[in-house]
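Asker: Each chain, letter by letter, is given below.
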Amino acid sequence: MALLSVDELTVTFGARGRESKAVDGVSFDVDQGQVVGLVGESGCGKSVTSLALMGLLPDKGVKLGGRADFDGNNLLTMSRRELRDMRGSQMAMIFQDPLSSLNPVVPIGIQVTEILQRHRGLKGEAARKEAAHLLDRVGIPDPARRLKEYPHQLSGGMRQRALIAMAVACAPRLLIADEPTTALDVTIQAQILELLKELVDEEGTALLMITHDLGVVAGLCDQVNVLYAGKVVESADRHELFAHPMHPYAHGLLESIPRLDAPRGEPLKPIRGSINDRIAWAEGCAFAPRCDYYTMECLTGTPALTEPAAAGHQVRCVNPVREPVEIATLDAGDATVTAHGGKNA
Amino acid sequence: MTAPIETTSASAEAQPEAVLAGAGRSQIEGRSLGQIAWTRFKRDKAAVAGGIVVVCLVLMAALAKPIQAVFDLDPNKFNQDLVDPALQAPKGPWGGMSWEHPLGVDPGFGRDLLARVIEGSWVSLLVAVGATLVSVLIGVILGVVAGYYGGWVDSVVSRLMDTFLAFPLLLFAISLSASVQDGFWGLTGLPLRIAVLIFVIGFFAWPYIGRIVRAQTMSLREREFVEASRSLGARGPFIIFRELMPNLVAPILVYATLLIPTNILFEAALSFLGVGIAPPQASWGGMLTDAADRYEADLQYMFVPGLAIFITVLAFNLLGDGLRDALDPRSK
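Protein sequences appear in the order of chains A and B.
For the record, in the first sequence the residue sitting at position 249 is 249 according to the UniProt record's numbering, with numbers rising by one throughout.
For the record, in the second sequence the residue sitting at position 232 is 232 according to the UniProt record's numbering, with numbers rising by one throughout.
Here chain B stands alone, though its shape is the one from the complex (with noise of 0.2 Å):
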């Protein structure tokens, strides 16, 4: 571990003398956790990088609309005349990649790929942080109440993790968004999709988080801190939240960090059923299908939300791995 006090390099190259006069003695200060781990974190540039490219996605998502209003990029702009009707594929070479159409057109309909992307970055994040914020959400109350608690409380709860993690979830996730019908929670269309989307997979997904939590609680509990903190009067929810929480940040936050691009690639793999997000919306899941359908006539077109996922996927990855390292204070 980082030393949390750290001279600056003037005071270490200074004579004896000034040192043991004071000198240079105001550059000596603490450094909160937060600051460690950032100095941790910076060091690390696989970290770095995939941190700004989460940001980078993350300002594309949100800024979805106003980037296709100010470069008039319309998603579901049909371009008939770019497609070769008897090959069914795109007019010219690389998918009908021209200064117009960046990363080319559709074969179908000859809709622009590279709005189509950005158009399916922000359902793909607002699915995957959805998701990731119900199962965290869910996973930590039940795994810290089971870890502090323990007994027929972690009895209860550990036998529910268990039997969440042997359900089906994919057959569950294509019969619930088969069966769901319009007007469910007064939402239609695209909200309502999704809306089931996130609960799906938010509400499957909340054991592995909350078994993480869970046996983290459970040493804390028995760590010297809780007693002393029993010892003056703590009660259960003040130790719960207080003394335990604080210890239980960094592993939550990484291991949401981790669980985004699962829950991406599983947006990806519904919407590639069918059982996602429907069309015309785009979505990167349901472009894949779309070009699985024409790849002897259009090759291309698979690789760009192939791309889209595969580098938000590993760029998550990166940062949350990062995280972990900076943020576990075991590791160097």
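The shape of chain A in the complex, shown without the other chains (with noise of 0.2 Å):
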């Protein structure tokens, strides 16, 4: 059994009649100890699913359905009271922006003793001490004179790895990290990748990853879904995935991405349109409109997911790709991130 086992999750947005579909039954496990990525571009509902997962999406105008179960227990239906209970002490969130996800004017000291207290019941000296054991945890030199300072008197990396160590700082069983290298630069993301890489082996933490950056799946995830308008449209393990994409989205995503070996004045080769050429996928494939590949047959339905080549590959398309990408760079099997960003990144 799975630690987080998602089943059929869809979110909807809005008052009847003009109601729409964020995320589209979406189904993925987290092991403990597993680092499970949602790739997908801007829109297609990633953020949506960590946020319902949490339990913050606003009561009013939201709409969940499916089964979301940790720890057997379903997380859409739980009050708001477990909920929060949960929070913090069994899974935590790293935002995309630290800066802004950081209290201004509460010296970062505070800001995670107050955690401690609330989740360990730490006073005083001892959560001081703890504090500044978490900070020299996540890499952050002199942790007793940072635990002084401001957000805005640390780096961007510094301060992602406070709110990182904020997040670990009850060491929750899930850790949900919605695009956490985004607002960093690229030496920093490889840093800060390591170093939820390293809390995932020994701590044995589940993670959920949520990125669109394709470097980061290859550099850090064990199982890849990739979302486009609210559906998974391929699940794989790392390796399948770069090797052999078969869905026309993932395809062309791992396409897309420029090569250092590629020939001088090669044009990149993006997707074309964007997620707001989609159809209905009550009428068919929702990429269609984009794919190179689509015939008549991808407008008769939602596609079903199936297993067309290896066991545990899953593609949601009448017409899988077979021919391999050529990614010389973005070697899989090997963990060093040299590939940085998709489409859309």
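Simulated from the structure, these hints should not be mistaken for lab results.
Cβ atoms here follow ideal geometry from the backbone N, Cα and C, with glycine treated the same way.
Careful, some of the hints might be misleading.
[Claimed, not checked] Derived list of chain B stretches under chain A, where covered just means 3 residues or more per stretch with a C-beta under 8 Å from a C-beta of chain A:
| id | region |
| --- | --- |
| 1 | 220–227 |
| 2 | 242–250 |
[Said to hold, decoys possible] The calculated DSBU-like cross-link candidates involving lysine-lysine, where the alpha carbons are at most 35 Å apart (straight line), are:
| id | chain 1 | residue 1 | chain 2 | residue 2 |
| --- | --- | --- | --- | --- |
| 3 | A | Lys21 | A | Lys129 |
| 4 | A | Lys148 | B | Lys77 |
| 5 | B | Lys77 | B | Lys65 |
| 6 | A | Lys148 | B | Lys65 |
| 7 | A | Lys21 | A | Lys63 |
| 8 | A | Lys269 | A | Lys197 |
[As the list claims (entries may be wrong)] Facing chain A, a subset of chain B residues (Cβ under 10 Å, in silico):
| id | residue |
| --- | --- |
| 9 | Arg211 |
| 10 | Arg230 |
| 11 | Ala234 |
| 12 | Phe238 |
With the hints as a guide, dock the two chains, each given alone in a separate frame, to form the complex.
Answerer: Here it is as structure tokens:
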């Protein structure tokens, strides 16, 4: 039994008659010590999925469907109070922009110790010591001094480290990272990913990684789910996905990565159109209007998730792509992050 | 915004090699938000001047009784020998100014004006500060609650604010002051008058600060750090007091400082209309009423309480403006 098991999760916004489905039947599992990626471009439902799991979506105008079992309990039917007690202690979240995620007028130390006090009952000197230890744990030098500083006095990388320290303060079993490296520059990105990997390996935390950056996926994730227009269109383990992307969307994402060894002057290969060019899933494959491989068959209702090639490699496509992508620099086998950004990165 | 980290001029002038080697490194240090605000405040000469005057005024008001005792200034001692009974004006030029009575004496009873101005200062400041505290307390609590919870709570509080703003405050103050009997709340005489004034002024000024706090809270509530805090299990009260309040301190402080002079003027106006502090207790508004009746005989009398009010209001306004500039991170 997986720690987190999401089954046919749907999130619908808006009033009756003008509803829009942001997440449309997403299923995936996250095991302890496993890193699962949710990949897709802006607007495909990645962040909404994570907010729904954390119970952070507003009550009004939002309808949730499906199940999301965390350790056997359905997160979607929990009361606000139960969810609140889960947050921070059982599951925690790391946000995209570390500067705006920290209270600008409260010193770092107080922000960290408050969490320790809330969930672990630590007070005074004990809380301060533990906070310093946590900052040290996430690689912030001179933690005793940093505790007294305000967020604007820290560098971007250090702020994200501080946020990670706050998220792991109570050793949560599930960590959701919503594009944790987007606001950071490339060298710092690599360090932060390294830190997350370390935490997962050492603490056995389950990590749900939400990103649009295939470089992050290649470096970190065990299992990858590619989202498009609120549905999982391809799900495979990292090696399989990078070696044989079968959905034209995933295929296009990988092909669009600029390559260092490409001949000079060769144009980049973007996916044409934007996510606004989709059709409703009920009519057919939402990606069809942008797809190079589409046939009339694609316009006859939602394609099912199938396993046309390898076991465990699911694709939602009637004409899966069979040719592999030539990725010399993005070797899924070795964990170094060499490519940065996919489409719409 | 001033850079939070400042190198001293020594390291800026140092040779590149020395800087690279780390010379002057210990002189780079972070500054807290309070330090940054203080540095900026010090650059604002008008605000510093206002601040100094405010400090002097507060000292004068707080030490009114000892000052009067030491310098032998009795605000209620009649000096009929200094008043010309025929003219109903002080004897001598400039409203009876002398070494003994530096600001002159009042035309009716020959009371020392310096003593009465000092006596009036504590009344004015006590009423103004007390009323400000009352309205800040009510306004902040209701404003934060309305802004944070929104929905019907916000509707109720907002309509309440509208009601209070539409209330004919002056008429209410006059009728309340007239109808409150001695012994109300167990208070009599001067303490009762002061309590009524604080209540009336404070109770009707809160919607102004309430609206400011509500608007600030509504924009802060949507900030990402609030959601981040919620994602770590924070509860509503925690978010209000530990996440939102620290961000609200600056606007509250600035608005309170700017509210004090308004309240001083209001207290003076009420006393001028005869519903504030009752004679013979000295108050700036009451002295103005007195002077207005006798301006033909003794024009100078009017300027003493008038200038006292003017200087106090100006000083508080300068201080408040300076605080706003110093605490607002967007300003230079």
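Asker: Run every hint past the structure and note whether it holds.
Answerer: Now for the hints, and whether the structure bears them out:
1. Counting residues of the region 220–227 of chain B whose CB falls under 8 Å from any CB of chain A gives 4; the rule of at least 3 is met.
2. Look at the region 242–250 of chain B against chain A: 5 of its residues bring a Cβ nearer than 8 Å to a Cβ of that chain, three or more, so the hint holds.
3. Note on Lys21/A and Lys129/A: the hinted pairing is violated, with a Cα-Cα distance of about 46 Å set against a maximum of 35 Å.
4. The suggested pairing of Lys148/A with Lys77/B is violated, with an alpha-carbon distance near 58 Å, which exceeds 35 Å.
5. Taking the CA atoms of Lys77/B and Lys65/B, the gap is near 15 Å; set against the 35 Å cutoff, the hint holds.
6. Between the alpha carbons of Lys148/A and Lys65/B the distance comes to roughly 44 Å, so the proposed pair goes past 35 Å and is violated.
7. For the suggested pair Lys21/A and Lys63/A, the alpha carbons sit about 9 Å apart, so the restraint of at most 35 Å is met.
8. This hinted pair checks out: Lys269/A and Lys197/A have alpha carbons roughly 31 Å apart, not beyond 35 Å.
9. Among the interface hints, the one on Arg211/B is violated; its C-beta lies about 22 Å from the nearest C-beta in chain A, farther than the 10 Å criterion.
10. With 10 Å as the threshold, the beta carbon of Arg230/B comes within range of chain A, its nearest partner Cβ sitting at about 6 Å, so the hint holds.
11. Satisfaction of the interface hint for Ala234/B is found here, the shortest Cβ-Cβ separation to chain A being roughly 7 Å, below the 10 Å cut-off.
12. Annotation: Phe238/B was flagged as interfacial toward chain A, and the flag holds, the nearest CB pair being 7 Å apart, inside 10 Å.
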